[in-house]
Amino acid sequence: MNLVDVTRLSNGPITDLISWLQREKLIANPLRCLPCNRGMVLAERDANHVDGYLWRCTVCRQRNLSCEGSFFAEFPRVPLGKLVLLIYLWSLHELCSKSADMVGLTRNTVGNVFAMLRYLCKRDLQSRPITPFGGRVFVVKCDESQFKHKSKYERGQRARDDVWVFGVISTEYSPCRG
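Under my numbering, think of the first position of the sequence shown as 1, with each following residue one higher.
Treat the hints loosely; a few may be bogus.
Label-pair restraints from in silico Cβ distances [claimed, not checked]:
#1 Arg128 x Ser70: 11 to 21 Å
#2 Ile169 x Asp101: 37 to 47 Å
#3 Gly39 x Arg123: 23 to 33 Å
#4 Pro35 x Leu92: 37 to 47 Å
Simulated from the structure, these hints should not be mistaken for lab results. The C-beta atom is built at its ideal place from N, Cα and C for all residues, glycine as well.
Sequences and hints are given; from them, build the entire structure.
Below is the structure:
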């Protein structure tokens, strides 16, 4: 997805955004009611509510947020469209202050959203560790380098982010090929 698609989705009708989030399995479709264990229906709410929809059980009348049980439920006062935009900006390594200005939220809120995204990525990497490559037969050598792109004679602009380069070489062949 590019910025135009994300902006169109986040600024369009909330029903389109909710159905897209459901298709991508980012929010429940449908949510199950805890007391009676039946599927809940997505019902429209008054217009002054943040996203205008909530889950309602047809049997026991239990109500939940439209994003209950997902990342979006951590920030109930932030509209879903703005959260989707923030996720996109975070994936582009955009600065907190710049993202806050773009989306129209406080820097503190944007910082909390970015911190939650980092935490979820960390938790996912810990629960599903990366399988090392190589094995019993092959030996694989890995190395990394960081390039800072320092300017010479104080000319030009320094890159905002340092560049990391990773290299992998298999010793299966002689001489080694990378």
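Hint check results:
Look at Arg128 against Ser70: about 19 Å separates their beta carbons, and that is inside 11 to 21 Å. Our hint of 37 to 47 Å for Ile169 and Asp101 holds, since their Cβ atoms are close to 44 Å apart. At roughly 28 Å, the beta carbons of Gly39 and Arg123 sit within the given window of 23 to 33 Å. Separated by about 42 Å at the C-beta atoms, Pro35 and Leu92 satisfy the suggested range of 37 to 47 Å.
Hint check: no violations occur; every hint is consistent with the structure.
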